[in-house]
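Quick note, the sequences are listed as chains A and B, same order. When the count follows numbering that gives the first Met the number 0, it moves up by one through the first sequence with no breaks and lands on 489 for the last residue. When the count follows numbering that gives the first Met the number 0, it moves up by one through the second sequence with no breaks and lands on 264 for the last residue.
Worth flagging that the hints you see were computed from the coordinates, not collected in a lab. Fair warning: there could be bad hints in the mix.
Claimed, not checked - Computed list of lysine to aspartate or glutamate pairs in DMTMM-like fashion (alpha-carbon distance at most 25 Å, straight line):
1. B:107 / A:32
2. A:235 / B:231
3. A:235 / B:223
4. A:157 / A:147
5. A:377 / A:32
6. A:252 / B:219
7. A:252 / B:199
8. B:10 / B:80
Unchecked claim - Where chain A lies over chain B, by a calculated footprint (3+ residues, C-beta under 8 Å):
9. 192-205
10. 219-228
11. 248-256
For every residue, glycine included, the Cβ atom is placed at its ideal position computed from N, Cα and C.
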Amino acid sequence: MAELDRKQDRAPVPSSWEYAPAPEARDLVQLRDRYGLFIGGDWLEPKETYETIDPSTEDPLAKVGQSTPEEVNLAVGAARDAFENGWSTISPSERAKYLFRIARILQERAREFAVLESLDGGKPIRESRDVDLPLAAAHFFYYAGWADKLEYAFPNRKPRPLGVAGQIIPWNFPLLMLAWKIAPALAAGNTVVLKPAETTPLSALHFCDVLRQAELPPGVVNIVTGDGRAGAELVKHPGVDKIAFTGSTEVGKAIQRELAGTDKRLTLELGGKAANVIFDDAALDQAVEGIVNGIYFNQGHVCCAGSRLLVQESIYEPAIEKLKRRLGTLRVGDPLDKNTDVGAINSRQQLDRITELVASGEEEGADIYQPPCRLPEKGYWFVPTVFTNVAQSYRIAQEEIFGPVLSVLTFRTPDEAVEKANNTPYGLAAGVWTEKGSRILAMAQKLRAGVIWANTYNRFDPASPFGGYKESGFGREGGRHGLGPYVELE
Amino acid sequence: MSRLPVKKTYKLYLGGEFPRSESGRTYEAQGANVARASRKDVRDAVRAARGSFPRWAGMTAYNRGQVLYRIAEMMEARSSEFAELCSGAKEVNQAIDRFVWYAGWADKLAQILGSSNPVAGPYFNFTVPEPTGVVGVVAPDEPPLAGLVSRVAPAIVGGNATVVLASETSPLAAVELGEVLATSDVPGGVVNLLTGHREELAPILAGHMDVNAIDVGGADGQLEELERLAADNVKRVVRGRPDVESPWEIASFLELKTVWHPIGL
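This is chain A alone, in the form it adopts within the complex (with noise of 0.2 Å):
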């Protein structure tokens, strides 16, 4: 009886399971109205500033700088001179410190950094804490290593640091973009000028605040913010020996255009259009979180996102009932709230090109499927997609969408598959669903694609290379191979 009393003061059982807000504290960081250029281990007031905002409202952040040719000139010059008195002769040993250094301050302040990425790129708190700021902490750390052993990367040479790089990033994955660039850059000896994306500034000039902290040399890295033009300024600026640039196809060709015929070298990390391909014996509960995983994962906004999915016809309806139950689970909102899964797109710019390529694969004739989902009423926001009864000549089956857009094709045999995965101008990654481990091998190898995923998709790690074939561009980041790009073999 007394049992009984017991389970009645209980609550009633809920009829919905909705999750309670819960937002990561937003004063962890404190922005500054206006933010300068970083030159020469100062802060440079712009001539011309514009708005930075955060677009999961639209609210304004911060000013900063348009950098103007003069201002990237003040740059190329302070790098210019950080090299040549004192960077490139440093013992390698104190270099590798240095970059230890930066590692641990990031590590130190890395909720700080989490929140203030989830701001101003939108993508969700759960992502740039468990993902963007660990990997670009031990970015620093893995290439800090390096620094004092370069002989042993290449056999039989001796590497030699190439001066000046100048490094242009995007706004997907802002500081570990950075981190990508700025690491094995330092500890090949070079010095380096880096510009953030128009959208995403802050990351990189609170970055700057660490060099401080880790008493960096002024003028070795040098921070300067605005739109293409001031990339522009950046490529062809004749103090520069090296160009390192990420992004889309399109630009990374007129870099390649515009470098043609100087002795500056080059490094381009390009567009994607990868397939997840998976077959009848896949674990298709996994299979479908990698799926989710692979193109949901930073709403999309990756260039080796798993944008196309390849299953194999006997599983298809399976695959579909899973993917979609799944889909509505998904959470869309509040960048910051740490039960968000999916986050605000980046800008207007992105969500209009997103919108655009979807209806086109409306009007195609593809069936888009998308959940249930209440979206907030500002900011820019693109529900999860996923369109079936995709023809491998639509326009999304073929060009990088870079939002949550999923386009389904079905193939019977395993050289179907690999000749749908491979039909594109691209080759950046791609994936591979099966449990019969010889089946995984010969995929791996047919794939024409720098990165091959198997049975999980979308990890990286700074000791593993990434770069893509074909019209995905040329280098690798990460791993030995990263340090390539930034030495001279003598």
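Given chain A, work out where chain B should sit, using these hints.
Chain B alone, transformed into the frame defined by chain A:
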């Protein structure tokens, strides 16, 4: 009475065969009428190269190494003929030895250029070099044989298929090399040798959308134009030198592929 020698007709080496230029054109070089390849010949050569690529890349490294060594054997047998078509015996020996040197690299590349990567998680992760695909080679005018071999050998040992523009001024050694390749177990299409006017042909090769990389080492005054055209499909551009041999020369025609798999019971 002295015997009248039977003279050779110098033709292209394309897809394992010896056609004339489809254009019917020739030009005079080294005292012979040499085929003057056309835009269509370049395109046919790229098609042949693309067609041969899967088989060549799919061969075992050991097998590819033996084929390269076989090229050296066949060259050795013809060394006196080669010597008359280039700067002499020294250059021929250098070219032969270079094939031997690169032959030995075929089954060592992956160990030197690849890696096993200790990622921070339960994943098996490794990186292997793979051929980039079809490589265009603008061979230098001089030395006509050793220069061409120095650029072609590192490209093919890694599994690429090539379309080569031979020395314009001294093309005969390249044609002779075609005859060697045809009898060396090199699958037809892996090396395609075109003779003709570089200024006309090199831009076609550099701008071709089914060529993955281009060695512009022999480009004479056309460097900027060729490199600009190469950007149309993000070609890997190599400014190859005619006098080097190193595994890094091979690496510049290779991609690196990284494969991840979870570790778990």
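Now for the hints, and whether the structure bears them out:
1. At roughly 57 Å between alpha-carbon atoms, residue 107 of chain B and residue 32 of chain A are farther apart than 25 Å, so this suggested pair is violated.
2. For a cut-off of 25 Å, the pair hint linking residue 235 of chain A to residue 231 of chain B stands: about 19 Å separates their Cα positions.
3. Note on residue 235 of chain A and residue 223 of chain B: the hinted pairing holds, with a Cα-Cα distance of about 15 Å set against a maximum of 25 Å.
4. At most 25 Å may separate the alpha-carbon atoms for a hinted pair to count; residue 157 of chain A and residue 147 of chain A meet this at roughly 13 Å.
5. As the CA atoms of residue 377 of chain A and residue 32 of chain A are separated by approximately 22 Å, the hinted pair is consistent with the 25 Å bound.
6. Note on residue 252 of chain A and residue 219 of chain B: the hinted pairing holds, with a Cα-Cα distance of about 23 Å set against a maximum of 25 Å.
7. With a C-alpha separation of about 23 Å, the suggested pairing of residue 252 of chain A with residue 199 of chain B holds against the 25 Å cut-off.
8. Pair hint residue 10 of chain B plus residue 80 of chain B holds up; C-alpha atoms about 17 Å apart against a cutoff of 25 Å.
9. Remark: the region 192-205 of chain B is not confirmed as covered by chain A, as 0 of its residues place a Cβ nearer than 8 Å to a Cβ of that chain, below the required three.
10. Under a criterion of three residues with beta carbons nearer than 8 Å to beta carbons of chain A, the stated coverage of the region 219-228 of chain B is upheld, 6 such residues being counted.
11. Counting residues of the region 248-256 of chain B whose beta-carbon sits less than 8 Å from any beta-carbon of chain A gives 3, enough to reach three: the coverage restraint holds.
Taken one by one, the earlier hints fail for this structure at numbers 1 and 9, listed in ascending order.
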